[in-house]
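S.K.: For reference, the chains in residue letters:
Number of protein chains: 2
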Amino acid sequence: MMARTTIDDVAARAGVSIKTVSRVLNDEPGVRSETRGRVREAISALSYRPSLPARSLAGRRSNLLGLVYANPSANYVFDVQSGAMARCRDAHLRLFIQSCNDRGDETVEDVLAMVDQTHVDGLVVTPPLSSDAELIAALEERRVPFVRLAPDVVGTRSPAVVMDDEEAAREMTEHLLALGHKRIGFVEGHPDHPSSRLRRSGFEAALALAGLDEDQPVEQGHNDVASGLKAGRRLLTRVDRPTAIFASNDDMAAGVIQAARELGLDVPRQLSVAGFDDSQIASIVWPALTTIRQPTYDMAFAAAGLLIDLVRGRQVPAVTRLDHQLVLRNSTGEAP
Amino acid sequence: MMARTTIDDVAARAGVSIKTVSRVLNDEPGVRSETRGRVREAISALSYRPSLPARSLAGRRSNLLGLVYANPSANYVFDVQSGAMARCRDAHLRLFIQSCNDRGDETVEDVLAMVDQTHVDGLVVTPPLSSDAELIAALEERRVPFVRLAPDVVGTRSPAVVMDDEEAAREMTEHLLALGHKRIGFVEGHPDHPSSRLRRSGFEAALALAGLDEDQPVEQGHNDVASGLKAGRRLLTRVDRPTAIFASNDDMAAGVIQAARELGLDVPRQLSVAGFDDSQIASIVWPALTTIRQPTYDMAFAAAGLLIDLVRGRQVPAVTRLDHQLVLRNSTGEAP
Numbered sequence: 001m002m003a004r005t006t007i008d009d010v011a012a013r014a015g016v017s018i019k020t021v022s023r024v025l026n027d028e029p030g031v032r033s034e035t036r037g038r039v040r041e042a043i044s045a046l047s048y049r050p051s052l053p054a055r056s057l058a059g060r061r062s063n064l065l066g067l068v069y070a071n072p073s074a075n076y077v078f079d080v081q082s083g084a085m086a087r088c089r090d091a092h093l094r095l096f097i098q099s100c101n102d103r104g105d106e107t108v109e110d111v112l113a114m115v116d117q118t119h120v121d122g123l124v125v126t127p128p129l130s131s132d133a134e135l136i137a138a139l140e141e142r143r144v145p146f147v148r149l150a151p152d153v154v155g156t157r158s159p160a161v162v163m164d165d166e167e168a169a170r171e172m173t174e175h176l177l178a179l180g181h182k183r184i185g186f187v188e189g190h191p192d193h194p195s196s197r198l199r200r201s202g203f204e205a206a207l208a209l210a211g212l213d214e215d216q217p218v219e220q221g222h223n224d225v226a227s228g229l230k231a232g233r234r235l236l237t238r239v240d241r242p243t244a245i246f247a248s249n250d251d252m253a254a255g256v257i258q259a260a261r262e263l264g265l266d267v268p269r270q271l272s273v274a275g276f277d278d279s280q281i282a283s284i285v286w287p288a289l290t291t292i293r294q295p296t297y298d299m300a301f302a303a304a305g306l307l308i309d310l311v312r313g314r315q316v317p318a319v320t321r322l323d324h325q326l327v328l329r330n331s332t333g334e335a336p
Numbered sequence: 337m338m339a340r341t342t343i344d345d346v347a348a349r350a351g352v353s354i355k356t357v358s359r360v361l362n363d364e365p366g367v368r369s370e371t372r373g374r375v376r377e378a379i380s381a382l383s384y385r386p387s388l389p390a391r392s393l394a395g396r397r398s399n400l401l402g403l404v405y406a407n408p409s410a411n412y413v414f415d416v417q418s419g420a421m422a423r424c425r426d427a428h429l430r431l432f433i434q435s436c437n438d439r440g441d442e443t444v445e446d447v448l449a450m451v452d453q454t455h456v457d458g459l460v461v462t463p464p465l466s467s468d469a470e471l472i473a474a475l476e477e478r479r480v481p482f483v484r485l486a487p488d489v490v491g492t493r494s495p496a497v498v499m500d501d502e503e504a505a506r507e508m509t510e511h512l513l514a515l516g517h518k519r520i521g522f523v524e525g526h527p528d529h530p531s532s533r534l535r536r537s538g539f540e541a542a543l544a545l546a547g548l549d550e551d552q553p554v555e556q557g558h559n560d561v562a563s564g565l566k567a568g569r570r571l572l573t574r575v576d577r578p579t580a581i582f583a584s585n586d587d588m589a590a591g592v593i594q595a596a597r598e599l600g601l602d603v604p605r606q607l608s609v610a611g612f613d614d615s616q617i618a619s620i621v622w623p624a625l626t627t628i629r630q631p632t633y634d635m636a637f638a639a640a641g642l643l644i645d646l647v648r649g650r651q652v653p654a655v656t657r658l659d660h661q662l663v664l665r666n667s668t669g670e671a672p
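Keeping their order, the protein sequence lines are chains S and Z. Take 1 as the starting number for the first sequence in the numbering used here and just add one per residue. Take 337 as the starting number for the second sequence in the numbering used here and just add one per residue.
Isolated chain S, as found in the complex (with noise of 0.2 Å):
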């Protein structure tokens, strides 16, 4: 093994004291530009990696974020770390990524013990532990800066990033009663994903506007194929059967399609299917989903540039909203 490069190095072959390469590294002001440069040639032509354990006990900024997740969607999970990932490579940064799955109670503990072993800078920390108000409490007590991905409340003490939820489901709303469409059943997202009610709020919102917010029938699914084909073949066998299903994300819409598949109905000539997400499953499902593009690898970009900010003392938004898209394909067409 070759002898690690050490700080002194670095500043011996670019000609400044310690204290101006670590600032180098830190990305603070007081550094003129030139010898900026110097010490970033010193750095490369060394190949110098600081040691990120001998920063944190030194009692400075470890440079390693952590990101949290409780999420059983790989997709979004996928989409979510590639996007903080990708925002901490740009700054020189690490990211700790902690699946907090399948621990109930004792995800606080969990989290607080990470914090405590891996020294992280501050938190990234994705729904549904983004209202976890038990979690939010534990980390303001423990003033670990973090930011919050998607959380119900927005305007506290840590800053949150969002989309419009609501605005986005009533515009999907709007599609299908533009198609002509008078009965629209809805399949609801999971009870524990504050998202959920937000878009059954814009879906029963365009309704009541075109005043068709009677009766129109909502079952309840729980974000997975599975719950969208029960909730789909509960809609299909009412005798009042909706021309339209709307469903909270694109799984359980392609768990509509099955239904309808397995009822001998064609989508979209007979059924038309709307999904929300735009996850790889959206493109891959025949028919195509009409569904609603969430920025999820951007909002998990934005909110590591944030903690970032937030982590070097920097003011920052308390609410950041990203936008969403609506993606027409073919699950969707004209009222039979």
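What the hints contain is simulated information worked out from the structure, not anything from laboratory work. Fair warning: there could be bad hints in the mix.
Here chain Z is said to cover these stretches of chain S; the calculated rule only asks that three of the stretch's residues, wherever they fall, bring their Cβ under 8 Å from a Cβ of chain Z [to be verified]:
| # | region |
| --- | --- |
| 1 | 81-88 |
| 2 | 157-169 |
The calculated lysine to any residue pairs, modelled on SDA-like cross-linking and capped at a C-alpha distance of 20 Å, are [as the list claims (entries may be wrong)]:
| # | chain 1 | residue 1 | chain 2 | residue 2 |
| --- | --- | --- | --- | --- |
| 3 | Z | K566 | S | S283 |
| 4 | S | K19 | S | H92 |
| 5 | S | K230 | Z | P623 |
| 6 | Z | K566 | S | A288 |
| 7 | S | K182 | S | R200 |
| 8 | Z | K566 | S | P287 |
| 9 | S | K230 | Z | W622 |
| 10 | S | K19 | S | R61 |
| 11 | S | K182 | S | K19 |
| 12 | Z | K566 | Z | L548 |
| 13 | S | K230 | Z | K566 |
| 14 | Z | K355 | Z | G366 |
| 15 | S | K230 | Z | V360 |
| 16 | Z | K566 | S | W286 |
Glycine included, each C-beta is placed from N, C-alpha and C at the ideal position.
Add chain Z to chain S, keeping to what the hints say.
M.R.: Just chain Z, lined up with the frame of chain S:
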């Protein structure tokens, strides 16, 4: 903020030396089970969480393992990291996950920088990185303990966890032959993945045994839905159209089903389609895919376990092979 509990507090409460606490934390032998119990009780009562950086700088193990990936499949990455994380949790270790996506030539530099900065004790290296000769050589030179998942070559200095891709592909081909198919198309996987070659060779071995090895149509794919769709179109517009298509992974099989639908071919009545992996997609497409269940989670779980043994100086087998499973669903049927 509360003061951190230290190892001294634990030792005092348990009435043992710091060295004994350290032994218990590291699962080292030489501590009586009654003493071990007392130490564990004190650790739990005091919520003691050893600082990974402190351990690392003290020249001991960091109790942090690493996992590196460079794979665009959300399902694969999610399963791999879930399996490795679960094994680490069992052993009271933590897992640092790093994506090396889109870095091309910088992969080696990227992984070594991560090792240097985080002080991980060792690495789980996932495909296709596990077959990157340059990376493997660099890790060996640096004496970083590592375990490879599904590499091209096994029986080298670093242990490997594999499944038998060739045998699995042979079984799937035999399943199609048993259904009476005599003209079977194959969609080969991404050329960077060693499993692609093995799966094709299993396909060919089964055909050879049945005396059908001449002239079966093969198309190149790239492990994604789009390339499966293209390959499917090419295979299904041939004059001598196959009655079955075996795609080297589920995403490509989903693409083949889309191609069949475009051409008005019923699956499985007019065309049988088989996949490989049993990813989430296999149960979502319609008809649900007959496929091979690749034990991704279990392989990663096993790899992390081997790495823990390696780091602790124990002997581990050069090759650990896990069982796959033929999963029969609705996309395959009798030859027309």
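S.K.: State for each hint whether it applies.
M.R.: Verification of the hints:
no., hint, result
1, 81-88, "holds (count 3)"
2, 157-169, "violated (count 0)"
3, K566/Z <-> S283/S, "holds (15 Å)"
4, K19/S <-> H92/S, "holds (18 Å)"
5, K230/S <-> P623/Z, "holds (17 Å)"
6, K566/Z <-> A288/S, "holds (17 Å)"
7, K182/S <-> R200/S, "holds (17 Å)"
8, K566/Z <-> P287/S, "holds (17 Å)"
9, K230/S <-> W622/Z, "holds (16 Å)"
10, K19/S <-> R61/S, "holds (15 Å)"
11, K182/S <-> K19/S, "violated (69 Å)"
12, K566/Z <-> L548/Z, "violated (25 Å)"
13, K230/S <-> K566/Z, "violated (33 Å)"
14, K355/Z <-> G366/Z, "holds (11 Å)"
15, K230/S <-> V360/Z, "violated (50 Å)"
16, K566/Z <-> W286/S, "holds (16 Å)"
When held up to the earlier numbered hints, the structure conflicts with 2, 11, 12, 13, 15 and fits the remainder.
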